[in-house]
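Each chain sits in its own coordinate frame; assemble them with the hints.
Here is how the chains run, residue by residue.
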Amino acid sequence: MPVIGSPPDAVRTSGLRKAFRVKNRAVEAVSGIDLTVAAGQIFGFLGPNGAGKTTTLRILTTLLPADAGEAFVAGADVRRSPLQVRRRIGYVGQLGGADAPATGRENLLLQGRLYGLGAAETARRAAELTEALDLGAFADRPARSYSGGQRRRLEVALGIMHRPRVLFLDEPTTGLDPQNRANLWDQLRELRRTGTTIFLTTHYLDEADQLSDRLAIIDHGRVIAEGTPAGLKRRYSGDTIDITPSLPSASLPSLEHDLASDPFVRAARTSGDSIRLSVTDATQAMAAVFSLLAGRGIGIRAASFAQPSLDDVFLRETGRSLRDAGAAAGHDAAASTGENASTGEKVPA
Amino acid sequence: MTFALQASLFFRRKLLETLRQPVWIVTGLSTPLLYLALFEPLLKSVAGGAGLPPGQVLDVFVPGILALMAFGAGMGAGWVVIWEMDSGVIERLRVTPASRFALLLGTVLRDVVMFAVPAVAVIAIAIGFGFHAHWGGLALMLLLLAALTASCSATSSALGISLKQIGSLAAVVTGVQLPLTLLSGILLPLSLGPGWLRVLGHFNPMYYAVQAARDLTAGAIATATVGIGFLVTVAIAVLALWWGTRSYHKAMV
Chain R
1 MPVIGSPPDA VRTSGLRKAF RVKNRAVEAV SGIDLTVAAG QIFGFLGPNG AGKTTTLRIL
61 TTLLPADAGE AFVAGADVRR SPLQVRRRIG YVGQLGGADA PATGRENLLL QGRLYGLGAA
121 ETARRAAELT EALDLGAFAD RPARSYSGGQ RRRLEVALGI MHRPRVLFLD EPTTGLDPQN
181 RANLWDQLRE LRRTGTTIFL TTHYLDEADQ LSDRLAIIDH GRVIAEGTPA GLKRRYSGDT
241 IDITPSLPSA SLPSLEHDLA SDPFVRAART SGDSIRLSVT DATQAMAAVF SLLAGRGIGI
301 RAASFAQPSL DDVFLRETGR SLRDAGAAAG HDAAASTGEN ASTGEKVPA
Chain H
1001 MTFALQASLF FRRKLLETLR QPVWIVTGLS TPLLYLALFE PLLKSVAGGA GLPPGQVLDV
1061 FVPGILALMA FGAGMGAGWV VIWEMDSGVI ERLRVTPASR FALLLGTVLR DVVMFAVPAV
1121 AVIAIAIGFG FHAHWGGLAL MLLLLAALTA SCSATSSALG ISLKQIGSLA AVVTGVQLPL
1181 TLLSGILLPL SLGPGWLRVL GHFNPMYYAV QAARDLTAGA IATATVGIGF LVTVAIAVLA
1241 LWWGTRSYHK AMV
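Chains R and H supply the protein sequences, listed in that same order.
In terms of the numbering used here, the first sequence has 78 at position 78, counting the first letter as 1, and numbering is strictly consecutive.
Add 1000 to the 1-based position in the second sequence for the numbering used here, that's all there is to it.
Chain H extracted, bound-state conformation (with noise of 0.2 Å):
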């Protein structure tokens, strides 16, 4: 009962935290419908090929994109717990009977928020251009993708913790994200590429999201594809939520 309460009370702060800069929310729906502008004509391009069957690029390309956003969403939590440090309030928060863990579920909520809304409204205008989805899968892969903004959220959060340089943390995320975004085949699937491309991807956590996603969106729920995905994402959201908890009992200037 007080964990829920104090969960709330930290999501409830974030939230009119970001509310209050409608830059993020401008900024977390127009990159998704630019990739959709820009990127869907390419694709299509290059449709009719091996792995991507013609007719049917949204279908490939929008769980991507939402996979995208879902990782975008969580890994900027980083920063501002480093704002944070520096400014003495995650020192003044530790020194309240506060949960830690609901310290950090406040901001994961928050992000998985703001990962959730813009989702939806792809969705929505994505199915005005022929992208067909199935409606039990669209809501199975969006929970799935909402475990995956947790992960990367919690973990933006401890590696801001530890780091606690913007500098350092911005040089960690931005060298994950290429190659984790490309080897889980999010902008294009990855059995266009070569065979030692697709070894390498099974290497990346997020590879199993993006597969299972995109087996969701197409109404395949019951498979070994999903189940490995979900397995995989709440697994690697479990480690990531006990780790960002385990740094805040620690942070420190």
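Isolated chain R (complex conformation) (with noise of 0.2 Å):
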């Protein structure tokens, strides 16, 4: 029984593990996953495709039996009370799950009534989402008819219809142009202000960052890195400054080296005409490094510094890159001997 006045976990998960049978050969998916997600936070599932995410969430959304391991969603017990499980959550899929012929507003209707809402209470619901969702001009005409963008919002207001206390999303944005996927951002955490626990899995880095209050990052079935995407980003890799001094390249490993013994200097690369720093900090470093160059009259051509991404965290945990994981899956090895140090995703103005 859940204590009054502390409300349970969203998601708990323990030792979750489940093994498919690809051609005679058990190949696990999910390799032990330990999660918790509080109430009322938006939480990523960040991993490259093939990384087991989908089949955890159709784990945690009963629509897959675990093979070993614990999963309660929304204070049910996955596997001894699906029915429980379902009546709280909302799913949203990675393939959809609009009814083509149907229309809109049908698709809404019908979802209402299967979560036992009265025909008005139902009616009154789905009115106010197509008004929500921007869905009234074209609500009575069938789902077939709609847009990538019209269709996944559609999905969405299927998903909350009736106003599950989590809400499950699996790649929600893919195949979205970057004006349908910000309003979706949008629209989701309007409905986080609401009070709904949002549960998504993605495998856009910039989506992980900027949408959930905590993350997850799995990669072969288990869970590598997990909390705020500050916290992970700041854990796992400092900022990174890029120089290019106005001088012959072969005279920059010198420079390099001196660079080098600088306090906040981690580390120091030359590559082609530039020399990429490795700093605890950027502001700071910044400075020390500009003084050092004026104090030896050698001037700059280019300088930036770039804030970390979760690729970084992803990197320095696997050594690969989440963007070549994903095209690369089965040769990981590849991956992992090209560039190091991809930042650059965020230059700050």
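For the record, the hints were derived by calculation from the structure and aren't laboratory data.
Keep in mind that the hints are not guaranteed to be accurate.
What the hints assert, rightly or not - Mimicking DSS-like on lysine-lysine, the simulated pairs with C-alpha atoms at most 25 Å apart in a straight line are:
(1) LYS1044/H to LYS23/R
(2) LYS233/R to LYS1250/H
(3) LYS1250/H to LYS1164/H
As the list claims (entries may be wrong) - Looking from chain R toward chain H, a few residues come up when the C-beta cut is under 10 Å (computed):
(4) ARG58
(5) PRO101
(6) GLU155
(7) ILE298
Cβ atoms here follow ideal geometry from the backbone N, Cα and C, with glycine treated the same way.
What follows is the structure in structure tokens.
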């Protein structure tokens, strides 16, 4: 029984495992996942394709039985009381799930009735959601005529028709253009404001970074890092400074050596005509670097600094870049030999 | 109560889906009428032989056509299920608290209606052309064939869910269609065939339904054939509904 006054965790799992048989060989998709998601937050589940995100989500939404481990969602045991879980959660799958021959409104009305809402209440809620998600103009047209963004909004509306406590979304912005993507992010934030816990999977770094309050990074069926986006980046890697001095490249190595001895600099590496510095704090290091160069009368052709991205976190834990990991699933070794600290995703203005 | 509501919601959804595609309604009615118009004259010319008394061709042939309609009305379900799995509809509905049996039943009931409505029309037209029918028997026969449609519909859904591919489903359905329909004596009574063919027919569950349907339209209601026909058909329907529900429980792309 949950203690009164402290809302139960929205999601809690321990030792979750699931294997599939592929060509008569057992392949473990989820290999012991422990997660805790507090109520009322947006929780991001980040990982490359094939990492086990969707399988985990399917276990949590009662679509797939786990081989081992426990999972509680919205206070109910996924294995023992799946019906309780289903009543309390909403789900927006990767494939969508809008019924194409039916109109948007018919989709919503059926969904509401299936969750046990009365006819009048269902109609009211459907009207409310067509308004909130901007579906009004085509609510009475068949869903098959919708554009990608319109259909996705309908699918989100279907997921929240019964005001679930926890909403699960599997890769919700895949295939959306930037405009629709930004809109969906806003809608999800609005939903969190009204108290809904949101659990979403994504393979987009910026989505996990900007949207989630907390996130777990998953690879090969295991959680390899968990925390707030800022905390993870701080814990795993510092800032990066790229500097291009007006020097012939022959004299770069000695400058690199001198820069590396600066207390703010953790590592220095020359590539091409520029030097890349890993630093603990870019603002302080930048000043130190500039004064060192000015003292020697060396001009600067270009300088930039970048904060770490979640990709650095992924790289530190797996030796691969998340960007490569999706495409290079199966030959991971090849991906790790390439570019190392590929930051620079968010260069501040 | 909840279950009945859910089943009726799913039935309504499926019925709307069909009514919006009038092409199905047109072919549902025109195919059996074409059989009547084109096949019946052929039969007439072979009538008078052993199992086919002259002058009653329609009485033998109409129950067969109706059984064929019952089979056809059910077997299409799997195609739509595959499409619904691919577009995530099944997955979404499986996350709702809705009963999986109600979900299956929505399609099954729609298919039964899509069998029964044209069936009544075909009977009416056939009567105009000299088909003699016993009313009570006719009503019981429609009930029996509705159970056949339910079996086919549930089986087709289950097959669609486990095969996942339209191509595989089409291969299986067309593969079983010919032996099932031929060996049930739908188009021509098996009594016209040699002994080994009649023996083979006894392994075909549809054979018993068609035999019973012929007895029923002739007004022979309290016969062993009718009893066996109902027993076999209802048993198969229960099995098929169980299989279909189980498949929906596990449906996964």
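Quick rundown of the hints versus the structure:
no. : hint                   : verdict
1   : LYS1044/H to LYS23/R   : violated, 56 Å
2   : LYS233/R to LYS1250/H  : violated, 40 Å
3   : LYS1250/H to LYS1164/H : holds, 12 Å
4   : ARG58                  : holds, 8 Å
5   : PRO101                 : holds, 5 Å
6   : GLU155                 : holds, 8 Å
7   : ILE298                 : violated, 59 Å
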